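**Student:** When you get a sec, could you build the whole thing from the sequences and use the hints?
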Amino acid sequence: GNSVTQMEGPVTLSEEAFLTINCTYTATGYPSLFWYVQYPGEGLQLLLKATKADDKGSNKGFEATYRKETTSFHLEKGSVQVSDSAVYFCALSGGSSASKIIFGSGTRLSIRP
Amino acid sequence: DTAVSQTPKYLVTQMGNDKSIKCEQNLGHDTMYWYKQDSKKFLKIMFSYNNKELIINETVPNRFSPKSPDKAHLNLHINSLELGDSAVYFCASSSGGREEQFFGPGTRLTVL
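Just so you know, the sequences run in chain order A and B. Going by the numbering used here, the first sequence opens with residue 1, and the numbers climb by one from there. Going by the numbering used here, the second sequence opens with residue 1, and the numbers climb by one from there.
Quick list of in silico lysine-lysine cross-link-like pairs, DSS-like style, CA-CA up to 27 angstroms:
1. B:Lys44 x A:Lys52
2. A:Lys68 x B:Lys44
3. B:Lys52 x B:Lys19
4. B:Lys9 x B:Lys22
5. A:Lys60 x B:Lys40
6. B:Lys40 x A:Lys77
For the record, the hints were derived by calculation from the structure and aren't laboratory data. These figures come from a predicted structure and were not determined experimentally.
**Tutor:** Here you go:
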């Protein structure tokens with residue numbers, strides 16, 4: 001079945017550092033890929049998405065590229081801010097899980113001022 | 001206007017009680033979901049409804065019963081609450097299984 005694996009946290013960085021959170025997936029067919037963010041005390045919200053190979057999703061300075069050859073969708077940001085502290089979830093939908101989104105286990109990110 | 005709303009936001013109750021959590025969405029979506037998030041932030045889907053019909057029912061104890069009176073509402077009733085039910089429960093909606101899901105703010109359930 002479909003699955004998502006993302007790097008375990010917590011990840012702690014200093015402000016303005018470069019961020020990468022790794023995400024790889026296993027899926028049949030052609031899934032859509034997502035990154036969701038959950039700020040403290042809130043529900044998840046979509047950060048960015050990509051629906052086909054080589055698509056790049058971007059939002060709020062974050063980027064992720066759908067790499068079918070490496071089955072990856074790594075999240076990157078060039079210069080993180082304290083306000084980026086949150087839990088980040090990689091997810092996929094489609095393929096054999098057409099009726100639901102499969103979420104990764106989440107990566108907690110903390111940014112030091 | 002809140003897109004996906006849940007009530008209550010906090011729920012503290014004793015073991016053995018029965019409680020309900022309500023969810024409403026005003027996005028016109030036809031698919032709604034319930035998720036359970038544990039203390040380690042792991043998110044597990046419990047149920048999904050499409051046009052008031054149950055389409056996903058993961059391995060959830062039958063003490064949990066979802067009810068969808070119409071497309072805009074999906075409520076969760078829990079019987080005989082147990083300590084292990086303590087978690088944050090999220091409602092979500094989407095326009096289809098492959099599409100972006102919109103989440104509610106969550107209901108933190110604490111069973112004493």
